[in-house]
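Here are the chains, one letter per residue:
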Amino acid sequence: MIRLSIAAILVCWTVYPAHAQTYWQDIRPIFRKHCTVCHSAKNLKEADVSGGLALDTFGAAKKGSAKAVLVSGQSGASLLYQLLVTTDIKKRMPLDAKPLPQESIELIKKWIDAGAHEGTPENDAKLDPVIAKKSGVMRKFDVLLPTTAIPPAGLVKANPAKLDLALKIGPLAPVAAVALSPDNKLLAAGRYGQVAIWDLDAGKPLKVLTNVLGAVNDLEFSRDGKVLAVAGGQPSAKGDLRLYQVGDWKLLGVLRGHDDVVFSIAFSRDGKRLLSASFDHTVRLWDPQAQTSLSTFSGHSDFVTSVAFSPDGTQFISGSKDRSVRLVDTATGKSLFTMSDRDEDVLAVAFHPDGKQLVASGYEPRISWWNPKTGEKNRNSPGHGVAVHELAFSKDGKRLVSAAADRTVRVWDGVSGNLLKTLAVGSIVYAAAISSDNRRIATGTFDGLTKFWDEASGRHLAILLALPGDADQPDWLALTPEGYVAGSDKMLALAKWRMSGQEVAATAVWTALRQPERVAQAIRGEAVPAPKFPVDKK
Amino acid sequence: MSARRASCWAAVVAILFAYVNCARAQEKQAPVAEAPTAALKELRVYPVAVTLDGPRDEQRLGVIGDYADGRSWDLARSAKFTSSNATVAAVDAQGVLRPRKDGQAQITVAAAGRSKTIAVSVRNTSLDIPVSFTREVQPILTKAGCNQGACHGAQHGRGGFKLSLLGFDAAFDHAQIVQSAEGRRVVVSDAERSIFLQKPALLMEHGGGERFKAGSREWNHFKRWLEDGAPEPSPKDPEAVRLEVWPTQRIMVPGEQQQILVKATRKDGRSEDVTATALFDTVNDGVAAVAPSGLITAKDRGETHIMVRYCGQATVFQVTLPYARLESMPAFAANNFIDERMVAKWKDLGLTPAALCDDDDFLRRIYLDTIGTLPTPDEVRAFLKDTAPDKRAVWIDKVLDRPEFVDFWALKWGDLLRINRDFMQDRGMWSFHNWVRASLRDKKPVDEMVRDIITAEGSTFTEGPANYFMAARTPGDWAETTSQLFLGIRIGCAKCHHHPFEKWSQDDYYGMAAFFVRLGTKNSQEFGLFGREQVVYLKNAGEQNHPRKGGVVKPHPLDGAVMDDPLDRRVKLAEWLTAAQNPYFARNMVNRFWGYYMGRGLVEPLDDMRATNPASNPALLDALSEDFIAHKFDLRHLLKTIMNSRTYQLNSQSTPGNKADADNVHYTRFRVRRMTAEQLADAIDFATGTREKYPGLPLGTRAIQLPDSDVKSFLLDIFGRPPRQITCECERTVHPNIAQAMHLLNGDFLNKKIANPTGRIETLFKAKKELPAIVEELYLVTLSRPPRPEETQRAMGWLQRAPTPKDGAQDLLWALLNSREFLFNH
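Heads up: the sequence lines are chains A and B, in that order.
Residues in the first sequence are numbered consecutively from 1, following the working numbering.
Residues in the second sequence are numbered consecutively from 1, following the working numbering.
The set of hints was computed from the structure by calculation and includes no laboratory data.
What you are looking at is a predicted structure, and each value in this text was computed from that prediction instead of being measured.
Simulated crosslink set (DSS-like; lysine-lysine; CA at most 30 angstroms straight-line):
hint, chain 1, residue 1, chain 2, residue 2
1, B, Lys-213, A, Lys-33
2, A, Lys-272, A, Lys-185
3, A, Lys-140, B, Lys-213
4, B, Lys-640, B, Lys-345
5, A, Lys-490, B, Lys-223
Given only the sequences and the hints, what does the whole structure look like? Please build it.
Here it is in structure tokens:
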């Protein structure tokens with residue numbers, strides 16, 4: 001008889017009546033509204049808040065706190081239910097608040113009495129929180145791209161002025177990540193839900209990956225150039241770390257585990273290890289080939305915003321909103337040094353390729369140079385005056401590039417830390433990458449644009465914009481400051497030339513400026529001549 | 001903690017809980033008010049005409065019925081609203097009008113069998129106006145509580161997301177929402193995926209719980225803003241400059257409800273209905289509660305205010321629940337305008353005042369309040385014997401002319417100005433103290449005195465008022481002190497962020513500070529050996545920077561225009577401050593002195609004058625302030641007016657007609673209060689016939705003559721003498737403590753004084769006075785009245801039973817000094 005009921009219970013866990021209440025379908029929404037503000041996994045350490053009980057997953061609810069709170073089939077014996085209905089105001093849950101609505105209490109009771117079934121957890125698709133149909137017609141805004149081209153007088157019916165290209169495609173999500181392939185042939189640029197891959201020789205995009213979840217916060221090519229790692233996720237819900245095969249852009253795998261966005265990633269030089277820093281306060285170490293999680297570093301007490309390997313891969317550094325930089329032994333996961341010299345969030349860290357220096361910056365914009373051997377600070381560089389979002393050393397260590405909210409990228413001497421030049425990018429710079437030959441710099445900005453720069457002269461080379469198009473063909477546009485433009489027909493159909501805010505409808509302008517070859521030249525870093533407009537016959 | 005004390009605590013907690021439960025139970029059974037049954041006289045609809053401008057404008061309608069019996073009733077919730085053309089202007093069941101397309105329409109409001117029609121003009125519905133962050137997004141963040149101190153407005157934010165406290169820094173908030181963490185919170189290309197929308201609607205876990213529902217008005221505004229590309233705040237956004245409520249006040253009965261409507265006017269002159277996003281808080285939850293929607297529920301008898309805030313502006317709505325329905329006000333001969341204003345208020349509230357106080361109480365009262373001194377037995381006898389009908393007025397004049405007037409009010413001004421050798425050194429302290437005494441003696445008008453202080457410069461050892469700039473040391477401190485002291489306005493909050501309850505912003509704070517920014521202090525060698533005299537001097541240049549926005553803040557007083565002076569900016573400030581048109585200065589001064597005489601300010605705390613802390617009798621405050629200005633800021637005139645009012649001369653008895661006002665907010669009886677530390681010390685000296693020797697001062701110096709608090713006296717300290725460290729009326733306390741009782745009951749301090757060989761008792765016995773005369777004398781020197789026959793009888797019995805009559809007399813004096821009648825001003 002006993003055996004039979006055990007069997008019955010076991011069966012109950014997996015098979016349950018179609019209409020029975022389940023954790024995920026019926027109970028979780030109630031908990032979300034009334035309970036998980038305190039009783040969540042992230043509050044488990046705070047006994048004052050959670051009492052050691054989490055209710056945000058079925059497993060956690062089953063596990064209970066120090067004592068079990070859930071006795072399947074017996075609401076009366078379940079603390080979870082008792083504390084909802086007790087008349088003792090000091091114990092009743094939710095504490096210091098109105099009791100739950102009667103129907104919610106009833107539902108919980110029925111759920112427990114029916115065996116406290118789990119049901120089907122929300123899968124990726126459901127976590128992907130699309131609420132309802134898109135509302136009505138989305139308004140589109142002009143994205144205005146400036147050039148220095150000035151058509152001669154008479155060509156257009158207006159006083160000559162610099163031409164702007166207006167594209168009715170806004171608002172654009174910010175470009176929060178850029179990466180250059182080790183051979184400098186490819187550029188990856190990520191924004192919410194998309195990663196655009198550009199062929200830098202051809203001067204056009206190859207592909208726009210859209211099979212990413214939510215935000216894209218970091219991108220990195222492996223040193224052998226075979227793998228592109230894409231990091232991001234659904235903010236406040238789920239981290240997303242994906243590996244793509246360079247070439248056919250096949251999704252190799254998804255590395256799961258983070259509970260919030262992955263904000264920064266780093267491949268080891270040999271490509272055998274991958275680090276991911278997440279807003280879930282942890283850094284994870286992965287084996288990207290086996291696609292397994294090796295260890296988790298949880299020494300930070302707030303969002304981890306940045307991570308970098310030491311050149312030999314034996315150590316890594318991580319910067320956090322908790323205002324500290326940690327130097328961690330990769331193998332043991334032990335924190336070696338905590339470097340803290342600031343009162344505000346650390347947003348960016350980078351290891352010098354010679355392994356002798358590391359840099360960190362953030363909301364306090366000075367760049368701190370540390371000695372990883374001693375944990376002592378070598379010096380400060382002045383930084384940008386406002387938040388620094390990304391720091392990157394060139395491959396040879398001779399350059400340090402910093403991207404910042406003052407709408408500039410600065411190039412520093414990678415050894416002495418002296419400022420070499422400042423690039424006026426025009427919008428908050430979230431991401432910057434320098435090519436392995438130190439020739440070109442790519443930036444990703446708040447206004448949703450990717451820009452390309454010549455390192456030596458500081459010259460702006462081109463604006464790159466690619467969005468997913470029909471039939472897997474990117475919808476794209478590239479524009480040089482001289483005014484040369486290339487792009488897909490569909491995108492160019494949306495583009496309008498403007499001069500002093502007035503639309504310019506002259507096919508001659510298009511003829512002179514739609515020059516894909518010139519654009520490709522510019523992107524390759526070659527000098528391009530000023531555009532030739534047809535001579536006014538008058 | 002001992003077991004006994006622990007269980008004690010448990011009991012206390014249990015009682016508290018019982019009380020809370022009880023209160024909750026009572027709340028549930030809140031009375032349901034009966035609607036008026038008299039005939040409807042008038043149906044009032046607000047506003048009388050509506051213009052809806054722009055695609056998202058809205059206007060809520062208010063409906064009040066006025067009835068024949070004088071009552072009014074909110075009819076908005078039972079009214080039927082119909083639009084003559086719902087394709088132009090739609091109206092919902094709550095009476096909220098929304099634009100549909102440009103044109104004209106009529107809205108008919110039907111309630112209580114009547115109807116009224118208002119015209120609606122709709123325009124600019126098709127204008128493509130992006131949602132404004134400052135006007136349409138930030139007020140929602142504030143209303144939903146997102147940016148309050150306990151949530152994202154905390155110093156380090158919450159959950160990694162920080163907003164400016166109560167939303168006073170739009171640029172910062174916008175950057176946090178849109179730009180920080182690489183745009184984590186918003187997806188402009190797909191608005192509904194933004195955690196900025198999902199979290200407050202609890203579609204995702206949110207530590208702050210559900211703030212609004214998906215699809216609600218708030219949600220739609222946020223979403224629309226994101227779809228518009230999350231535009232940033234524009235410096236051109238016109239800020240709100242005025243807030244009005246409708247109605248402004250209501251007389252209600254318990255259980256009655258009233259929806260209030262809020263209109264904000266912006267700098268460009270446009271106004272809009274902000275009822276949905278204004279914040280409502282009740283000042284006294286026992287009298288009336290308010291829902292976030294602005295629906296007020298009257299609860300219990302009394303008067304309170306509902307604080308209404310929106311975008312840095314604040315105002316109040318007054319709720320009155322009369323204590324009783326007065327058939328008629330008992331005869332009350334008004335002595336002056338104070339009484340007239342008081343009676344008007346009492347009539348509204350259904351309160352009746354106590355009777356006139358006795359002559360002996362009156363005399364003691366005016367002596368203590370005006371000169372901090374007890375009347376002598378001869379003065380008491382003379383006053384009681386005086387039969388002139390106007391003797392009270394005559395004696396008020398007499399007491400105002402006493403030399404102790406200077407002592408007593410120099411003490412009060414010393415508290416306010418923080419005259420203190422800590423800040424000013426001995427010589428500076430004396431020079432300031434003596435300057436205040438001279439000003440009082442010379443009957444210098446208060447405005448002149450204040451002008452002299454604000455514009456003082458020179459050596460602190462010779463220029464008394466220059467020491468004002470020693471108590472505080474920075475332009476910000478000087479601005480704060482000056483505002484609080486002379487205007488009663490606390491702007492300290494605005495140093496770091498917009499004042500949470502008031503309109504004062506950082507601009508206002510630093511505008512005030514800018515008046516003082518060119519002021520410096522330096523050491524002078526002039527006094528050489530005496531040493532280290534400070535000199536307050538004017539620098540040639542210097543500007544006040546705005547710490548957040550950067551740039552120079554030009555000097556401008558609170559609510560005033562930019563003003564400057566090439567030589568000394570403070571001159572302009574002083575002129576503005578003491579101008580007859582200044583809405584704050586006179587009101588602050590009269591409120592303080594009214595508070596000193598009546599035991600409670602019309603605005604309380606005395607130095608917290610703000611729109612959201614209205615006076616208990618605004619008409620009286622206005623009248624007092626006008627009278628003060630009309631009489632050229634003459635302090636003695638003000639005090640005379642107060643003392644001559646019948647209101648001041650009421651006795652302290654609780655009566656059936658006034659006890660309902662338990663806190664005596666409306667002065668229907670005299671507010672009994674303990675003597676202040678200095679009054680008490682001098683009264684004890686006087687009663688015992690002794691002289692306390694204060695260190696560093698000649699024998700005979702009285703407590704009310706002390707120049708600062710740095711004179712050692714245990715008695716003064718335990719009875720709440722202010723240390724003069726902060727600019728706050730709250731520094732002087734009248735709270736009872738055990739040390740006070742022990743010092744007077746058990747300490748040998750009092751026994752020594754009573755038994756002093758040259759003291760009162762010894763002198764009386766040496767003069768070989770009859771015992772009944774001695775008893776009378778002791779009553780007169782302590783209680784300022786002759787003993788009643790039964791008191792004489794009992795005292796005589798005690799003296800005769802004592803080992804010696806002198807012992808008995810000493811016991812009697814001890815008992816009298818420890819009696820409440822002595823310790824209190826009543």
